[in-house]
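K.L.:
Chain by chain, the residues run as shown.
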Amino acid sequence: MVKPELFKRTGILFIPKNIIGWLVAASAAAYCVYLFIDIDSMSHSVSDTLMNFVFNALIVGVIYSIIAYFFSKEK
Amino acid sequence: MNDDTIENLTIPDPGIHPNKGFMIAMANSKRSAALGVWMVVAPLFFLFGVLMKYFFHVDLKVLNIMEEFFASMDRNPVMHWLSPVLFMIFPLVSVAMNAMAMMNVQWNAGQRQAVVTIKIRPVNLLLLLVSLAIVGVIGLYLITENMKG
Numbered sequence: 163m164v165k166p167e168l169f170k171r172t173g174i175l176f177i178p179k180n181i182i183g184w185l186v187a188a189s190a191a192a193y194c195v196y197l198f199i200d201i202d203s204m205s206h207s208v209s210d211t212l213m214n215f216v217f218n219a220l221i222v223g224v225i226y227s228i229i230a231y232f233f234s235k236e237k
Numbered sequence: 424m425n426d427d428t429i430e431n432l433t434i435p436d437p438g439i440h441p442n443k444g445f446m447i448a449m450a451n452s453k454r455s456a457a458l459g460v461w462m463v464v465a466p467l468f469f470l471f472g473v474l475m476k477y478f479f480h481v482d483l484k485v486l487n488i489m490e491e492f493f494a495s496m497d498r499n500p501v502m503h504w505l506s507p508v509l510f511m512i513f514p515l516v517s518v519a520m521n522a523m524a525m526m527n528v529q530w531n532a533g534q535r536q537a538v539v540t541i542k543i544r545p546v547n548l549l550l551l552l553v554s555l556a557i558v559g560v561i562g563l564y565l566i567t568e569n570m571k572g
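Line by line, the protein sequences give chains A and B. At the far end of the first sequence sits residue 237, using this note's numbering, and the numbering has no gaps. At the far end of the second sequence sits residue 572, using this note's numbering, and the numbering has no gaps.
Errors might be hidden in some of the hints.
Unchecked claim - Below are the EDC-like pairs computed for lysine to aspartate or glutamate, each with C-alpha atoms no more than 16 Å apart in a straight line:
1. A:Lys170 x A:Asp210
2. A:Lys179 x A:Glu167
3. A:Lys165 x A:Asp210
4. B:Lys476 x B:Glu490
5. B:Lys484 x A:Glu167
6. B:Lys453 x A:Glu236
These aren't lab readings, by the way, just hints derived from the structure by calculation.
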């Protein structure tokens, strides 16, 4: 079975290459926006919001990068 | 006509045949480095919080945030595996991936011999050392925490 190439690597980032890749990236971005709104509604200060959001966004980034790693080709 | 042209020169055989057998690059170095960065980013964030709190006495609340996050994950029966994966498994995977990215294995079928060569790639080496340091620090922390109780 041929593995589809959905992402291409640029530095440490994996950029979507086709529509499925863009869907995955858009889902991750949408989840980050949801996380930000959710965290902001519960936090008491700007720094509280940002520190919480950064950690959660990093975890989303890790999961996105693992998916992208398996669906990008070696040069 | 003189026969001593460059085409007719005999080439000495040094006895080294690098293309005999096959050489396997075990992992792509740049892709491994890219994923390696992402694998260690969460433990580095935690260690950054520890460093700021205990060495520079600046409490960014990173530790409280992570404690709350992992407590909420532990309460969730589906996600309770996340903290060991983020803090131990991913750095170990990063160690393995970056080590493999620097290694080439040449298999000589005739002599049943594998020759492993290590190519020094600075980015992969740096990530390997950072990942090893994270595994060491968090491993020691886990050992001392469990010995206390």
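K.L.:
Please work out if lysine 476 of chain B and glutamate 490 of chain B have their alpha carbons no farther apart than 16 Å.
P.N.:
Holds, because 14 Å separates the two Cα atoms, which is no more than 16 Å.
K.L.:
For lysine 170 of chain A and aspartate 210 of chain A, compute the direct alpha-carbon distance and say whether it is at most 16 Å.
P.N.:
Answer violated: lysine 170 of chain A to aspartate 210 of chain A is near 34 Å, above 16 Å.
K.L.:
Is lysine 179 of chain A close enough to glutamate 167 of chain A, meaning Cα to Cα at most 16 Å?
P.N.:
7 Å, holds
K.L.:
CA of lysine 484 of chain B to CA of glutamate 167 of chain A, is that 16 Å or under?
P.N.:
40 Å, violated
K.L.:
For the pair supplied as a hint, lysine 453 of chain B and glutamate 236 of chain A, confirm whether the alpha-carbon distance does not exceed 16 Å.
P.N.:
Distance ~9 Å between lysine 453 of chain B and glutamate 236 of chain A Cα, so the pair holds.
K.L.:
Hint check: lysine 165 of chain A vs aspartate 210 of chain A, CA-CA at most 16 Å. Holds or violated?
P.N.:
42 Å, violated
Checked against the numbered hints listed earlier, the structure breaks hints 1, 3 and 5; every other hint is satisfied.
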